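Please arrange chain B on chain A, whose structure you already have, making use of the hints.
Taken in sequence, the protein lines are chains A and B. Sequence positions in the first sequence follow the numbering used here and run 1 to 234. Sequence positions in the second sequence follow the numbering used here and run 1001 to 1522.
The hints are simulated quantities; they were obtained by calculation from the structure and are not laboratory data. Owing to the predicted nature of the structure, the values given are computational and were not obtained by experimental measurement.
Calculated Cβ distances over 10 angstroms to all of chain B for the following chain A residues:
(1) Lys2
(2) Leu172
(3) Ile225
Result set (DSS-like, lysine-lysine): computed pairs, CA atoms no more than 27 angstroms apart in a straight line:
(4) Lys150(A) x Lys1124(B)
(5) Lys126(A) x Lys1042(B)
(6) Lys1183(B) x Lys73(A)
(7) Lys1045(B) x Lys126(A)
(8) Lys1111(B) x Lys136(A)
(9) Lys102(A) x Lys1241(B)
(10) Lys104(A) x Lys1010(B)
(11) Lys1251(B) x Lys1104(B)
(12) Lys1251(B) x Lys150(A)
(13) Lys121(A) x Lys1042(B)
(14) Lys136(A) x Lys1042(B)
(15) Lys121(A) x Lys1026(B)
(16) Lys1250(B) x Lys102(A)
(17) Lys102(A) x Lys1243(B)
(18) Lys1124(B) x Lys102(A)
(19) Lys104(A) x Lys1250(B)
(20) Lys2(A) x Lys1250(B)
(21) Lys1251(B) x Lys206(A)
(22) Lys73(A) x Lys1006(B)
(23) Lys1010(B) x Lys136(A)
(24) Lys126(A) x Lys1006(B)
(25) Lys126(A) x Lys1040(B)
Backbone N, C-alpha and C define an ideal beta-carbon position, used for all residues, glycine too.
So the chains spell out like this:
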Amino acid sequence: MKLEVINLSKSYADNKVLNGIDFTFESGKIYGLIGRNGAGKTTFFNALNEDIDIDSGYFYLEDEYGRNPLDVKDIGYVISTPVVPEFLTAKEFLTFFIEINKEKIENTDIDYYFNLVQIAKEDQDKLLRDFSHGMKNKMQILINIISNPKVILLDEPLTSLDIVVQEEMKKLFKKLKKDHIIIFSTHILELAMDLCDEIVILNHKKLEQISKDNLNTKKYKDKIISALKDEKNA
Amino acid sequence: MLNTLKMSLKIDDVYSLNAFIYNLRKLPVLKDLITTDIYKSKSLKNVIHFFAIIYRILKAIFLRLLYFLTIFFCACLLNENNFSKTFIHIYFIFTIIGFFINNKLLVTSRKKYFSIIIFQMNAKKFMESLLCSAFFKNLFLNSLSLLIFNTFLHISLSSIIILILLPIILRITGEALNILFYKKYSYVWLNNYFLYFTILIFLLLLCLLPIKNIFVTSKILNVSLLIAIIFSPISLIYLLKIKDYKLLYKKLNTKNLAMNQENASAYSRQQMVEVKNKDINISSKKIKNKKGYDLFNTIFFERHKEILLRSAKKYAVLLAVIYVVIVILIYNNPAVFSATKKFLTNNLGYFVIIMYFINRGAIVTQAMFFNCDHAMLRYNFYREPQVLLNLFKKRLITLIKVNLLPAFVIVLGNSFLLYFTKQVNISMYIMLALYIISLSIFFSIHYLVIYYLLQPFNSEMQLKKVSYSLVSILTYVVCYFATDITLNYFNFSLLGILFTITYSLISLYLVYKFSPRTFKIN
Chain A
1 MKLEVINLSK SYADNKVLNG IDFTFESGKI YGLIGRNGAG KTTFFNALNE
51 DIDIDSGYFY LEDEYGRNPL DVKDIGYVIS TPVVPEFLTA KEFLTFFIEI
101 NKEKIENTDI DYYFNLVQIA KEDQDKLLRD FSHGMKNKMQ ILINIISNPK
151 VILLDEPLTS LDIVVQEEMK KLFKKLKKDH IIIFSTHILE LAMDLCDEIV
201 ILNHKKLEQI SKDNLNTKKY KDKIISALKD EKNA
Chain B
1001 MLNTLKMSLK IDDVYSLNAF IYNLRKLPVL KDLITTDIYK SKSLKNVIHF
1051 FAIIYRILKA IFLRLLYFLT IFFCACLLNE NNFSKTFIHI YFIFTIIGFF
1101 INNKLLVTSR KKYFSIIIFQ MNAKKFMESL LCSAFFKNLF LNSLSLLIFN
1151 TFLHISLSSI IILILLPIIL RITGEALNIL FYKKYSYVWL NNYFLYFTIL
1201 IFLLLLCLLP IKNIFVTSKI LNVSLLIAII FSPISLIYLL KIKDYKLLYK
1251 KLNTKNLAMN QENASAYSRQ QMVEVKNKDI NISSKKIKNK KGYDLFNTIF
1301 FERHKEILLR SAKKYAVLLA VIYVVIVILI YNNPAVFSAT KKFLTNNLGY
1351 FVIIMYFINR GAIVTQAMFF NCDHAMLRYN FYREPQVLLN LFKKRLITLI
1401 KVNLLPAFVI VLGNSFLLYF TKQVNISMYI MLALYIISLS IFFSIHYLVI
1451 YYLLQPFNSE MQLKKVSYSL VSILTYVVCY FATDITLNYF NFSLLGILFT
1501 ITYSLISLYL VYKFSPRTFK IN
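Okay, chain A solo, but in the shape it has when bound (with noise of 0.2 angstroms):
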């Protein structure tokens, strides 16, 4: 399966923060997305998401039954500061959920994905308001994978869980890989090469993909933050 990303252009009044981007993304690996603060990276996963008008630019879905315009509801998108509705029980949010996307869901089971995310019983039955930003993380996190969407973009969705759930959730992902198109973005370097198959930095408004070639970690790194540095000398 591959995303394709031609000619993927936003600015906002003048400020061009994405310019001519094309990239192709494929199945099977996770994508690192990492780029200096304001690069843009939001703006990338929100113009895929269709959630901001774009000046130009086609995203394109090609998978076994044919290259198509990519859909919105191809897409499960993860944001960085979770919205829930806060005044459900995680629970109820999960039964409805399901429910709703029946169709979509192979499995059914609640306490199955409770327990992908550690969400213990006593915490199932309370507000989503008095939730934790951590937990409403896990949350969202879990809707977004359990309706089984072909991309999965992820923007920062680890910093605010404790550890334990980290790693489980970076087991999660690497299973997920599979069958899906990861693109994770964080500003965690170590994250990102502890994690991802492929980084890519958002520089100069285009998508560069750093390759490891036969660099060790050390060299790799500092490969990764000279191509970023070179932004600020430019």
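For chain B alone, kept in the frame of chain A given last:
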């Protein structure tokens, strides 16, 4: 389709019930009585959901009967002798108004945000279910109401059928046109207030035609129904052909708008005081030689030109136009001449409410909080009494200056009116001028003082203090009742000036004494 509707209703009910319980638990005794276990209870929620459905049906019937009753009363008021014809006339005009403004598909709501964006319901199915349920709901409610009211109206059966069908068939075309407009111009036309009110006022004026014995004829009704019948299938096909409902809803139902009512109002307040792009760059001349908080204050007011200076100028121009019109009328109409003369001598109370409406204090203090103090109050250095009071002084002076612009137009306008109504008493000119200026200063001080003393917003920018709302309401009520006072111009002006001086001295003292303690984020 039915399932989509059922689920979105159920989610909304459970959500509202949970929110209700949550707020109930905030009350002291109930917090211990109701444990959080209550959220678990499925049976309770099912029972409530059942009653909520019954309540919804009864409410819909009640509201529709009320709507018909309103038309009925208006008909009796406008033309008692032909009230049946008048009823049909108003009903027809209201149907046309509904065609323009009563659109279900593009209205934003929490329910839509949840259903389509969070729960990922099929947006097209959601749209179809909305359209379909509105169709049958209106068919039932209109039939029921018209049958009941026809016991008084005695309209023929064929006309009744037309009256039942016309609004529901026309509605489909209305929805389609609204979406067509949105797709072409990227905004919902209802948000274009000029267009909205122009059409609304024009149509409402048409409702008055029965006074002159002009009614909508049965021919117009028949033709309208025919047009509706021709256009509705085309509209329906158009609506069903649209593929990107999800995108449409996503753009309209943003998170900020839909999350909850409190946040929604905070969001709209924020939008109201947003800094305009053209005000971001400040010319270096304006800030030359300015330092410290003086510079800080100047930057703030320069960036908020739109809601301050520009709006004060707009008011000034508007007032000037009104005065010119009155002067012209005075020349041509003796009744206006004597009314103006009487007004300026005996009804000075009306200026209180006029000054209340043109003062920008309330919105400016909101801008101060959202765009400045909200962030700055988190720093200790900003909350030092000296800094706070120094800035208060600077803000007050600027605010008074800005509000004086329209006040001067009123002073000038009044002087002209006095002159043209042949008043020769010079003390009248002076007292009236002082009175208007003191009123303008009063409102500037008033809003800034209550903002500093009651600082009503919390960190989420929600209006939290009841006392602030009470003072705001009280201010309006006092201004409203001031219009009833009929005192001779001299006494009234003197009273107004003395009141302003006393109020200002007391309130400024209170600010100096208490604001270092009261001016903080709640």
